[in-house]
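Chain by chain, the residues:
Protein chains: 2
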Amino acid sequence: MAELEYIRWIREQTRQHPRVLLPAGDDCAAVKWPNHQPLLITTDMLLEGSCFLREAGPQRIGRKAMSVNLSDIAAMAAKPIAAVVSLGLPHDLPQSWAEAFFLSLQAQAALFDTAIVGGDTNAWSGPITISVTLFGEPTGKGPVTRSGAKPGDALLVTGGLGGSILGHHLDFTPRVKEAQLLHQTVELHAMIDISDGLAADLHHLCQESGCGAEVWAEAIPISESAQRRNDINSPLHHALSDGEDFELLLAVNEADAQRLIKTQPLKALGVNLSHIGRFTKEGEVVLKEPDKSQPLPALGYTHQFGQ
Amino acid sequence: MAELEYIRWIREQTRQHPRVLLPAGDDCAAVKWPNHQPLLITTDMLLEGSCFLREAGPQRIGRKAMSVNLSDIAAMAAKPIAAVVSLGLPHDLPQSWAEAFFLSLQAQAALFDTAIVGGDTNAWSGPITISVTLFGEPTGKGPVTRSGAKPGDALLVTGGLGGSILGHHLDFTPRVKEAQLLHQTVELHAMIDISDGLAADLHHLCQESGCGAEVWAEAIPISESAQRRNDINSPLHHALSDGEDFELLLAVNEADAQRLIKTQPLKALGVNLSHIGRFTKEGEVVLKEPDKSQPLPALGYTHQFGQ
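Order-wise, the sequence lines are chains Z and C.
Quick note: the first sequence uses the numbering used here, first residue 19, plus one each step.
Quick note: the second sequence uses the numbering used here, first residue 19, plus one each step.
This is chain Z alone, in the form it adopts within the complex (with noise of 0.2 angstroms):
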């Protein structure tokens, strides 16, 4: 890794954007924001042998430091527009590393028309370290917090759930415009991004917005790759409790979740709507088979700080 050359070399991969007026160069960027607009914030820092294995590729890499972001973004139901990207590099990585990873990650920003605007990139001694911040705005009825469920709301999941870890976590897609889709379509209570898996995520969900749930366990969209993992635990648990999955998890009310299921307005997307329980009143999270109600506790990993 010769430092020097790696910064020059991104700075020349600086794309035009119309927002940004001054790019990396100067002492901070300077991004264009919208009259009566609040600033989205949120980040995610990628740690080697902690968050990924080297061996999954920089593409692979650079392209989740950035959907992890925009994912983020995606649960408010919000635009992605610019994003900082720092980076510990140690001194014995490939240059043809550094780089293809930085062009994938930009690749994967430049989908979503999101700017790249600065950083701070060191060559150490250390594992690879990766810290993304992306900066985004509300999109029409303003963010959609964690904090709206209502008792009697639907509850809703996009795609399929469980065995990420098959490859998923890597080459997810953000669902950005699926959750512009439907803040459009319908008013969303609630809305929260499945990293820390199901359970963990629907924990997050009542806990913020002061009530309970059910799932029902034949309602749950799993995903082929959970019903691959061959292991001891069942693709109903895989699917609950994996994480990574990075769909969108939401609370409408039930009128809006009838005609959401009906329409599938994401059909066209690729992708699927799932009506897998409703919020209530008292402060549990149960799960329910046709033969047994149980609690359901927040398996998976349930860390997080804020972004």
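These are calculated hints, taken from the structure and not from any lab test.
Every residue gets a Cβ at the ideal spot worked out from N, C-alpha and C, and that includes glycine.
Any given hint could turn out to be false.
Computed cross-link-like contacts, DSS-like style, restricted to lysine-lysine with a CA-CA straight-line distance of at most 27 angstroms [to be verified]: (1) C:Lys-285 to C:Lys-97; (2) C:Lys-310 to Z:Lys-50; (3) C:Lys-50 to Z:Lys-159; (4) Z:Lys-195 to Z:Lys-310; (5) Z:Lys-97 to C:Lys-97; (6) C:Lys-50 to Z:Lys-195; (7) C:Lys-168 to C:Lys-195; (8) C:Lys-299 to Z:Lys-97; (9) Z:Lys-168 to Z:Lys-50; (10) C:Lys-168 to C:Lys-97; (11) Z:Lys-168 to Z:Lys-280; (12) Z:Lys-50 to C:Lys-195; (13) C:Lys-310 to C:Lys-299; (14) C:Lys-299 to C:Lys-168; (15) Z:Lys-50 to C:Lys-159; (16) Z:Lys-50 to C:Lys-299; (17) C:Lys-168 to C:Lys-280; (18) C:Lys-159 to C:Lys-97; (19) Z:Lys-159 to Z:Lys-285.
A partial selection of chain C residues facing chain Z, derived with a Cβ cut-off under 7 angstroms [what the hints assert, rightly or not]: (20) Asp-44; (21) Cys-46; (22) Leu-71; (23) Ala-74; (24) Asn-140; (25) Trp-142; (26) Thr-157; (27) Gly-160; (28) Gln-282; (29) Glu-302.
Chain C: place on chain Z using the hints.
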């Protein structure tokens, strides 16, 4: 490091701030943005062993992690508003260390009325990794870039330079208030904060502004620390090349320079302004000593990708 416990603790530390519409705890944070103001963004990654040693202690490291970003905002004469803080913390790091770090970082942010609105905290097996992204808004006359210096402009600098490694690089005060005061008083043509060293950062200013400069050796304010560094290099060399002074280097017209030097408007803040040279038409950067004149190379550390 009990990751979950630490994250819970961090969230308890979150302070109210009038600009924060949605604090840490949702998919994104939301910050109120004033009409007609661009968003200024800067980010710095601090890596253990490369940017700091753990022995410096959590207080000084936390303070520095916030201050280097505040210094970039100062260099645009802007006002810091909010920040996100991502951390990679070794599994064996005591929680008391992590807490002292965060409190110090937050105290330094609060000194400049800056809210911590989120982040991403991970325990891992690598060294301490800190990434801070800070956003701010321009003051009065808009952001001051690196590119507005004109031939004939005077070159001014705040404070004293050199020997930062003896402690100043950890304990410096970012020149946020100083920059705003100068911005109100005169027309600032260009400005940069000295992180790579006077020589290197003057090269940055000249490069972006498309001009050259001459620096008067005898006028350079050499810090006491640079005088105390007892090694093969002269105090002048230290002042030119040590870096991490985090003082402001600025271009103003000659008449404004005379006025600033005479009135010393930063005196109330305990900061001196020195007139150390002028910008020229030629592309070169030259060091003038009483008996000779020679090209001044970009000594010191010259990386930097944008922010």
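Results for each hint:
| no. | hint | in the structure |
| --- | --- | --- |
| 1 | C:Lys-285 to C:Lys-97 | holds, 21 angstroms |
| 2 | C:Lys-310 to Z:Lys-50 | violated, 47 angstroms |
| 3 | C:Lys-50 to Z:Lys-159 | holds, 16 angstroms |
| 4 | Z:Lys-195 to Z:Lys-310 | violated, 37 angstroms |
| 5 | Z:Lys-97 to C:Lys-97 | holds, 25 angstroms |
| 6 | C:Lys-50 to Z:Lys-195 | holds, 24 angstroms |
| 7 | C:Lys-168 to C:Lys-195 | holds, 25 angstroms |
| 8 | C:Lys-299 to Z:Lys-97 | violated, 45 angstroms |
| 9 | Z:Lys-168 to Z:Lys-50 | violated, 36 angstroms |
| 10 | C:Lys-168 to C:Lys-97 | holds, 25 angstroms |
| 11 | Z:Lys-168 to Z:Lys-280 | holds, 22 angstroms |
| 12 | Z:Lys-50 to C:Lys-195 | holds, 24 angstroms |
| 13 | C:Lys-310 to C:Lys-299 | holds, 20 angstroms |
| 14 | C:Lys-299 to C:Lys-168 | holds, 8 angstroms |
| 15 | Z:Lys-50 to C:Lys-159 | holds, 16 angstroms |
| 16 | Z:Lys-50 to C:Lys-299 | violated, 33 angstroms |
| 17 | C:Lys-168 to C:Lys-280 | holds, 22 angstroms |
| 18 | C:Lys-159 to C:Lys-97 | holds, 12 angstroms |
| 19 | Z:Lys-159 to Z:Lys-285 | holds, 23 angstroms |
| 20 | Asp-44 | holds, 5 angstroms |
| 21 | Cys-46 | holds, 4 angstroms |
| 22 | Leu-71 | violated, 13 angstroms |
| 23 | Ala-74 | violated, 17 angstroms |
| 24 | Asn-140 | holds, 6 angstroms |
| 25 | Trp-142 | holds, 4 angstroms |
| 26 | Thr-157 | violated, 13 angstroms |
| 27 | Gly-160 | violated, 9 angstroms |
| 28 | Gln-282 | violated, 24 angstroms |
| 29 | Glu-302 | violated, 21 angstroms |
In the structure shown, a violation is registered for the earlier hints numbered 2, 4, 8, 9, 16, 22, 23, 26, 27, 28, 29, in ascending order.
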